[in-house]
Amino acid sequence: MAEFTLPKNSKIKPGRKVDAAKGAKRKKTFKVYRYDPEDKQNPRLDEFTIDLDQCGPMVLDAIIHIKNDIDSTLTFRRSCREGICGSCAMNIDGRNTLACLKPIAEVSGDVKITPLPHMPVVKDLVPDLNHAYAQYASVEPWMKTETPAPTRERLQSPEDADRLNGTDGKGPSGCILCFCCSTSCPSYWWNPDKFLGPAILLNAWRWITDTRDEATGERLDQLDDAFKLYRCHTIMNCTNACPKDLNPAKSIAEIKKLMVERQT
Amino acid sequence: MTDHRILTPMKRAKGLGGGHSGVPHWMNQRITALANIPLVIWLIYSVMKLAGANYLEFTTWLSHPLHAGLMILLIVSIFYHATLGLQVIYEDYISCKCLKLTKIIGAKLFFIALGVACIFSTLKVALS
Numbered sequence: 001m002a003e004f005t006l007p008k009n010s011k012i013k014p015g016r017k018v019d020a021a022k023g024a025k026r027k028k029t030f031k032v033y034r035y036d037p038e039d040k041q042n043p044r045l046d047e048f049t050i051d052l053d054q055c056g057p058m059v060l061d062a063i064i065h066i067k068n069d070i071d072s073t074l075t076f077r078r079s080c081r082e083g084i085c086g087s088c089a090m091n092i093d094g095r096n097t098l099a100c101l102k103p104i105a106e107v108s109g110d111v112k113i114t115p116l117p118h119m120p121v122v123k124d125l126v127p128d129l130n131h132a133y134a135q136y137a138s139v140e141p142w143m144k145t146e147t148p149a150p151t152r153e154r155l156q157s158p159e160d161a162d163r164l165n166g167t168d169g170k171g172p173s174g175c176i177l178c179f180c181c182s183t184s185c186p187s188y189w190w191n192p193d194k195f196l197g198p199a200i201l202l203n204a205w206r207w208i209t210d211t212r213d214e215a216t217g218e219r220l221d222q223l224d225d226a227f228k229l230y231r232c233h234t235i236m237n238c239t240n241a242c243p244k245d246l247n248p249a250k251s252i253a254e255i256k257k258l259m260v261e262r263q264t
Numbered sequence: 001m002t003d004h005r006i007l008t009p010m011k012r013a014k015g016l017g018g019g020h021s022g023v024p025h026w027m028n029q030r031i032t033a034l035a036n037i038p039l040v041i042w043l044i045y046s047v048m049k050l051a052g053a054n055y056l057e058f059t060t061w062l063s064h065p066l067h068a069g070l071m072i073l074l075i076v077s078i079f080y081h082a083t084l085g086l087q088v089i090y091e092d093y094i095s096c097k098c099l100k101l102t103k104i105i106g107a108k109l110f111f112i113a114l115g116v117a118c119i120f121s122t123l124k125v126a127l128s
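Taken in order, these protein sequences are the chains called A and B. FYI, the numbering for the first sequence is 1 to 264, going by the working numbering. FYI, the numbering for the second sequence is 1 to 128, going by the working numbering.
Derived by calculation from the structure, the hints in this document are not laboratory data. Keep in mind that this is a model prediction, so the values were computed, not measured. One should not assume that every hint holds.
Partial list, derived from the structure: chain B residues whose beta carbon lies under 8 Å from chain A [claimed, not checked]:
| id | residue |
| --- | --- |
| 1 | G15 |
| 2 | G19 |
| 3 | S21 |
| 4 | W26 |
| 5 | I44 |
Stretch-level coverage of chain A by chain B, calculated; a stretch enters the list once three of its residues show a Cβ under 8 Å from a Cβ in chain B [said to hold, decoys possible]:
| id | stretch |
| --- | --- |
| 6 | 151 to 157 |
| 7 | 171 to 177 |
| 8 | 184 to 197 |
| 9 | 211 to 224 |
Positions of the beta carbon are idealized from the N, C-alpha and C atoms, including for glycine.
With the rest of the complex left out, here is chain A:
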């Protein structure tokens, strides 16, 4: 059956408490998931109380402060710190989002931080995304044409470009592959091996709807499967979770519409 509770060795135990904000005016406690596969221990939730005047306004600033000044063993991914790279995706205060875009002030009470749900954990807040990346590669996210490449650029009208970028800039090409959506999707939790998940399907749609791409039928053939596409039950957690305000659920619905259209 599907696993609705954590296996014994994944149950989260209370961790150590560090008060690094003695005498501070603005304190905040961060409860951070810690797991090290090498120490053979269960994961734990460490509590760091920090002085908010010692770090920037975002959750990423706080965990960088914790790593730099309190516990250098804390492990997480981050790069651009401005919502472009998608590296610092994690579950903050019960929602998948980017730590760099999440203001600490938006969280009332303690800030609980755990890795993206239902992914294997490499260490602390770092999930293993190998499978998700392979699924991304499996939809061949590049332009495929039979017509020989033109000598100049491939023509695309502004309206055609809008199909990718969206008239509001929130079209499928805005995806940064942070996997906040896929890891918030219960269907992806239960069947990650077969269901492609919202992030990959949104990117599949990005190439299906590209007017310059000539492999539409081939791409639809690949997705025509009870699991790869149709595990989506329009739960809509994906659209709710996307830190870039994209709409993966709509992209999936568009793919389903084309699936019907080509049979009628």
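Use these hints to put chain B onto chain A, whose structure you have.
Leaving out everything else, chain B in the frame of chain A:
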């Protein structure tokens, strides 16, 4: 994932490839869902209207071609929808391949048997 074979991430991601059978299942589930709306409203209306009726009144009601026809359509639509829906639930939540297949086949046989029994009963009343 309980597959312990040494496979590349791409081999795992591609799996067995597309089954090319998703569209009819998805469409039929939606078509029967739409059909169920008026049919169930009709059933509730009829049950309320027949409240307190005796056996003869009920069999006379069901003998009407319209009522018998709608009843058979309701049986087919509801049980077909239930079969499709249960299959999705089993596929979602049961990871053991053998148990999953057994459950899906079992549900299909169960609803086919139930549907045939219901249709036969309806016809028996309607045609007697």
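| G19(B) as an interface hint toward chain A, with CB separation required under 8 Å | holds, 5 Å
| Holds or violated: S21(B) as interface residue toward chain A, Cβ cutoff 8 Å? | Since chain A brings a Cβ to about 6 Å from S21(B), closer than 8 Å, the hint holds.
| field | Supplied contact hint for G15(B), tested at 8 Å Cβ to chain A | value | holds, 6 Å
| Against chain B, does the stretch 211 to 224 of chain A show at least 3 residues with beta-carbon separation below 8 Å? | holds (count 4)
| query | Against chain B, does the stretch 171 to 177 of chain A show at least 3 residues with beta-carbon separation below 8 Å? | reply | It is violated: at least three residues are needed, and the stretch 171 to 177 of chain A offers just 0 whose Cβ sits closer than 8 Å to chain B.
| chain A contact restraint on W26(B) - CB to CB distance below 8 Å | holds, 5 Å
| Minimum beta-carbon distance criterion (8 Å), I44(B) to chain A | violated, 27 Å
| said: Count the residues of the stretch 151 to 157 of chain A whose Cβ falls closer than 8 Å to any Cβ of chain B, and tell me whether that reaches three. | reply: violated (count 0)
| Within the assertion that chain B covers the stretch 184 to 197 of chain A, do at least three residues meet a Cβ-to-Cβ distance smaller than 8 Å? | Answer holds; 6 residues pass the 8 Å Cβ test.
Hints 5, 6 and 7 from the earlier list are contradicted by this structure; the remaining hints agree with it.
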